[in-house]
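Take the given structure of chain A and dock chain B to it, following the hints.
There are 2 protein chains.
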Amino acid sequence: MKNYSIAKSRRLRSTPYTSRIEKQGVTAYTVYNHMLLPAAFGSIEDSYHHLKKDVQVWDVAAERQVEISGKDSAKLVQLMTCRDLSKSKIGRCYYCPIIDDNGNLINDPVILKLAENKWWISIADSDVIFFAKGLATGKKFDVKIFEPNVDIIAIQGPKSFSLMEKIFGKKITELKFFGFDYFDFKGTKHLIARSGWSKQGGFEVYVENTKSGQDLYDHFFEIGLEFNVKPGCPNLIERIESGLLSYGNDFDNHDNPFECGFEKYVNLESDIVFLGKEKLKKIKSEGIKRKLMGVQIETKEISLTGSVNIMNIDGNLIGDLRSACYSPHFKKVIGIAMIKEPFCKSSETGKLEIEGKSLALKVCELPFI
Amino acid sequence: MKNYSIAKSRRLRSTPYTSRIEKQGVTAYTVYNHMLLPAAFGSIEDSYHHLKKDVQVWDVAAERQVEISGKDSAKLVQLMTCRDLSKSKIGRCYYCPIIDDNGNLINDPVILKLAENKWWISIADSDVIFFAKGLATGKKFDVKIFEPNVDIIAIQGPKSFSLMEKIFGKKITELKFFGFDYFDFKGTKHLIARSGWSKQGGFEVYVENTKSGQDLYDHFFEIGLEFNVKPGCPNLIERIESGLLSYGNDFDNHDNPFECGFEKYVNLESDIVFLGKEKLKKIKSEGIKRKLMGVQIETKEISLTGSVNIMNIDGNLIGDLRSACYSPHFKKVIGIAMIKEPFCKSSETGKLEIEGKSLALKVCELPFI
Chain A
1 MKNYSIAKSR RLRSTPYTSR IEKQGVTAYT VYNHMLLPAA FGSIEDSYHH LKKDVQVWDV
61 AAERQVEISG KDSAKLVQLM TCRDLSKSKI GRCYYCPIID DNGNLINDPV ILKLAENKWW
121 ISIADSDVIF FAKGLATGKK FDVKIFEPNV DIIAIQGPKS FSLMEKIFGK KITELKFFGF
181 DYFDFKGTKH LIARSGWSKQ GGFEVYVENT KSGQDLYDHF FEIGLEFNVK PGCPNLIERI
241 ESGLLSYGND FDNHDNPFEC GFEKYVNLES DIVFLGKEKL KKIKSEGIKR KLMGVQIETK
301 EISLTGSVNI MNIDGNLIGD LRSACYSPHF KKVIGIAMIK EPFCKSSETG KLEIEGKSLA
361 LKVCELPFI
Chain B
1 MKNYSIAKSR RLRSTPYTSR IEKQGVTAYT VYNHMLLPAA FGSIEDSYHH LKKDVQVWDV
61 AAERQVEISG KDSAKLVQLM TCRDLSKSKI GRCYYCPIID DNGNLINDPV ILKLAENKWW
121 ISIADSDVIF FAKGLATGKK FDVKIFEPNV DIIAIQGPKS FSLMEKIFGK KITELKFFGF
181 DYFDFKGTKH LIARSGWSKQ GGFEVYVENT KSGQDLYDHF FEIGLEFNVK PGCPNLIERI
241 ESGLLSYGND FDNHDNPFEC GFEKYVNLES DIVFLGKEKL KKIKSEGIKR KLMGVQIETK
301 EISLTGSVNI MNIDGNLIGD LRSACYSPHF KKVIGIAMIK EPFCKSSETG KLEIEGKSLA
361 LKVCELPFI
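So the protein lines, in turn, are chains A and B.
Taking my numbering, the leading residue of the first sequence gets 1, the next gets one more, and so forth.
Taking my numbering, the leading residue of the second sequence gets 1, the next gets one more, and so forth.
Next up, chain A with everything else stripped away, as it sits in the complex (with noise of 0.2 Å):
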């Protein structure tokens, strides 16, 4: 597939990070959240196999954060989601999807309890801070709503662990899994959660002091060596393997949770407020018609730039496949694809059309792995 080259400007938001993977040799960009994501240090496959063995560096400045506080912060985080988080805990990471009056889905940002009164929305790419200022406004809450100076790097990688216990000590391998603590370097304080795109394991530095966060992330190769440590970015291949969905790939304003499989991170039996409420109850008393599903295609190679039909072997759409890579682990194409009701079982089989090709492929579970 032919390049095409990424056309800077303030629009496309540089990060404090960006003149440092330019030196590192980043290749690729995607945009995210109006900003820079680094999207390829050459190629994706061997960034694969290096994330799976020792660690890397990720600039993810693009996860953006909405800050909210103020008296009625709680009410308004608690309205965007249908994810019970009455019983929420200050120092936690909590995956909620964000959802709008009809039950579809708006965002799946990481949500952190700072205080009581204060909430950061880690989103993945969309404005949710207009949803936010819409309904704060709306509904005359006492709050206030902005988008803070927070400039993520991200550790990943089974390696991180011992990388960041160089750095911060011994107490930051006690972290668990969505928890975040503040932890010091070099007199500055940082705020950093046992979190990221990936599921090898690793950390994400919710940076507020810019210039300690590019000290850092200099230190962070200047020590690593003995880890094998790179500059990394989010793997397409690694996040399909694991199932990791994506906002925008893989679901997006038209999809409901249930078919995205966010059943845990609906509480419909609470008593929470929340928008969409009984556009759910209804969706899950009537069961849903299509669901997220990954496939697996016979073929070595493919290259996605949107939505591909799936057809069965009788002509009809079954689905559409919207994510896809080289799997160097099932040694085919893998991918995950909304698949319509009665298709959406691992037994199912169909195939799609790409470039003048037809690939035969099968539905299968997601995770992958």
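One or more of the hints may lead you astray.
Under the rule of at most 20 Å between Cα atoms (straight-line distance), these lysine to aspartate or glutamate pairs were calculated in the DMTMM-like manner [said to hold, decoys possible]:
| no. | chain 1 | residue 1 | chain 2 | residue 2 |
| --- | --- | --- | --- | --- |
| 1 | B | K139 | A | D101 |
| 2 | B | K144 | A | E298 |
| 3 | B | K23 | A | E355 |
| 4 | A | K71 | B | D101 |
| 5 | A | K331 | A | E45 |
| 6 | B | K87 | B | D271 |
| 7 | B | K291 | B | D271 |
| 8 | A | K87 | A | E116 |
| 9 | B | K140 | A | D101 |
| 10 | B | K144 | A | D101 |
| 11 | A | K281 | A | E269 |
| 12 | B | K345 | B | E365 |
| 13 | A | K140 | B | D101 |
| 14 | B | K139 | A | D72 |
| 15 | B | K340 | B | E301 |
| 16 | B | K71 | A | D101 |
| 17 | A | K264 | A | E365 |
| 18 | B | K140 | A | E355 |
| 19 | A | K139 | B | E278 |
| 20 | A | K140 | B | D314 |
| 21 | B | K166 | B | D181 |
| 22 | B | K291 | B | E263 |
| 23 | B | K2 | A | E22 |
| 24 | A | K357 | A | D320 |
| 25 | A | K75 | B | D314 |
| 26 | B | K277 | A | D142 |
| 27 | A | K140 | B | D142 |
| 28 | A | K362 | A | E298 |
| 29 | A | K277 | B | D142 |
| 30 | A | K140 | B | E263 |
| 31 | A | K144 | B | D314 |
Think of the hints as simulated: they come from the structure by calculation, not from any bench.
Relative to the frame of chain A, chain B by itself:
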């Protein structure tokens, strides 16, 4: 400056014309409303000269529509903009700053009044749909809000009138600026406005029937040879010379409409109800502390990837440069900058540093031409 690839995926949506422009030689993309927007077909300067002389066909499907209909639609649309729409007419386009509760900008769309209770908000690059949904839910408005399948083709340049007349007949040349009407192409009606993101004159076809729109796209090139028609895209040089502002580049949610020169679209005297009205009254009475101005820089090339600080001769920060390009007309670099009081007057001088080079600049009025 080094080129970086854009990593395509479903999240950066293709348009119905993407495969066509790729055959026609598009070389760079930007991302706009989560969609691919062509940014260059080879040299931007060559394209600039062509646009000012002949006619171009642009894939601007990334100008997405937010459709708002229903009983309370006029109330919701008015609530979002500081421009008085109480006397707005069906068949007209209105350039409308969208304002939040703090009096800051969220977008600067063109709003089309399709019927008394049906509007299209033709948006710049931010998710206005979620702001509208948040507000409508919070206010319990009786409205329907969604993104319709509308993929705009723009026809821009002095010969656009002849090209359009050849297809749609004399009637289309009688369309007033920012007026729209429905025109037939081989049996399909298309909404066509006399508008577009250049000052060279032209039209925008709001394509709802994708197949007919693709045929029309091809038809422009089949019959446009005599007008030297070429594919193109919003042109950085032409839009800066003409002083067409860009949300995200020249201003964003940290700026208010007075700072951006939108005074004539801020109607504080009428009794219409819109967000941020009291804030804007206060800002107006206190006076603004900075303003978007032009700058002229004594150099032959520039490549801006973000804001650049502007200092005066005493070394004080007087503003930041947000967009810039080499202007063949002025034979120097021109740009758009947010300049602080008391420095925002056309006699002011300053300097900035780009890639280690210090460059002298002069502040001037907008638009340049």
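These are the hints, each one checked on the structure:
Distance restraint check for B/K139 and A/D101: the Cα-Cα separation of roughly 12 Å lies within the 20 Å cut-off, and the hinted pair is therefore satisfied. Of the pairs offered as hints, the one joining B/K144 and A/E298 is violated, with about 43 Å between alpha carbons and a cut-off of 20 Å exceeded. For the hint linking B/K23 to A/E355, the alpha-carbon distance of about 14 Å falls within 20 Å, and the restraint holds. With a C-alpha separation of about 17 Å, the suggested pairing of A/K71 with B/D101 holds against the 20 Å cut-off.
With a CA separation close to 12 Å, the supplied pair A/K331 and A/E45 stays within the 20 Å bound. Between B/K87 and B/D271 the CA atoms are separated by roughly 13 Å; this keeps the pair inside 20 Å, and the hint holds. A hinted pair counts as satisfied when its Cα atoms are at most 20 Å apart, and B/K291 with B/D271 does not qualify at roughly 27 Å. Pair hint A/K87 plus A/E116 holds up; C-alpha atoms about 11 Å apart against a cutoff of 20 Å.
Proposed proximity of B/K140 and A/D101 is supported: the alpha carbons are some 10 Å apart, at most 20 Å. Between B/K144 and A/D101 the CA atoms are separated by roughly 11 Å; this keeps the pair inside 20 Å, and the hint holds. Annotation: proposed proximity of A/K281 to A/E269 holds, straight-line Cα distance about 9 Å (limit 20 Å). A C-alpha spacing of about 8 Å is found between B/K345 and B/E365, which places the hinted pair at or below 20 Å, so the restraint holds.
Proximity of A/K140 to B/D101 is assessed by CA-CA distance (about 10 Å); at most 20 Å being required, the pair is judged to hold. Taking the CA atoms of B/K139 and A/D72, the gap is near 17 Å; set against the 20 Å cutoff, the hint holds. With a C-alpha separation of about 25 Å, the suggested pair B/K340 and B/E301 falls outside the 20 Å cut-off, and the hint is violated. This hinted pair checks out: B/K71 and A/D101 have alpha carbons roughly 17 Å apart, not beyond 20 Å.
Distance restraint check for A/K264 and A/E365: the Cα-Cα separation of roughly 17 Å lies within the 20 Å cut-off, and the hinted pair is therefore satisfied. For a cut-off of 20 Å, the pair hint linking B/K140 to A/E355 is broken: about 47 Å separates their Cα positions. Note on A/K139 and B/E278: the hinted pairing holds, with a Cα-Cα distance of about 18 Å set against a maximum of 20 Å. Restraint check for A/K140 and B/D314: the C-alpha separation of about 46 Å exceeds 20 Å, so the hint is violated.
Between B/K166 and B/D181, the direct Cα distance comes to roughly 17 Å. Compliance with the 20 Å bound is thereby established for this hinted pair. The hinted pair formed by B/K291 and B/E263 meets the criterion: a straight-line CA distance of about 12 Å does not exceed 20 Å. For the given pair, B/K2 sits about 9 Å from A/E22 by alpha-carbon distance, which is consistent with the 20 Å threshold. Restraint check for A/K357 and A/D320: the C-alpha separation of about 16 Å stays at or below 20 Å, so the hint holds.
Proposed proximity of A/K75 and B/D314 is contradicted: the alpha carbons are some 49 Å apart, above 20 Å. With a C-alpha separation of about 18 Å, the suggested pairing of B/K277 with A/D142 holds against the 20 Å cut-off. Restraint check for A/K140 and B/D142: the C-alpha separation of about 18 Å stays at or below 20 Å, so the hint holds. Among the hinted pairs, A/K362 with A/E298 is consistent with the structure: their alpha-carbon atoms are about 9 Å apart, no more than 20 Å.
Annotation: proposed proximity of A/K277 to B/D142 holds, straight-line Cα distance about 18 Å (limit 20 Å). This hinted pair does not check out: A/K140 and B/E263 have alpha carbons roughly 27 Å apart, beyond 20 Å. At roughly 37 Å between alpha-carbon atoms, A/K144 and B/D314 are farther apart than 20 Å, so this suggested pair is violated.
When held up to the earlier numbered hints, the structure conflicts with 2, 7, 15, 18, 20, 25, 30 and 31 and fits the remainder.
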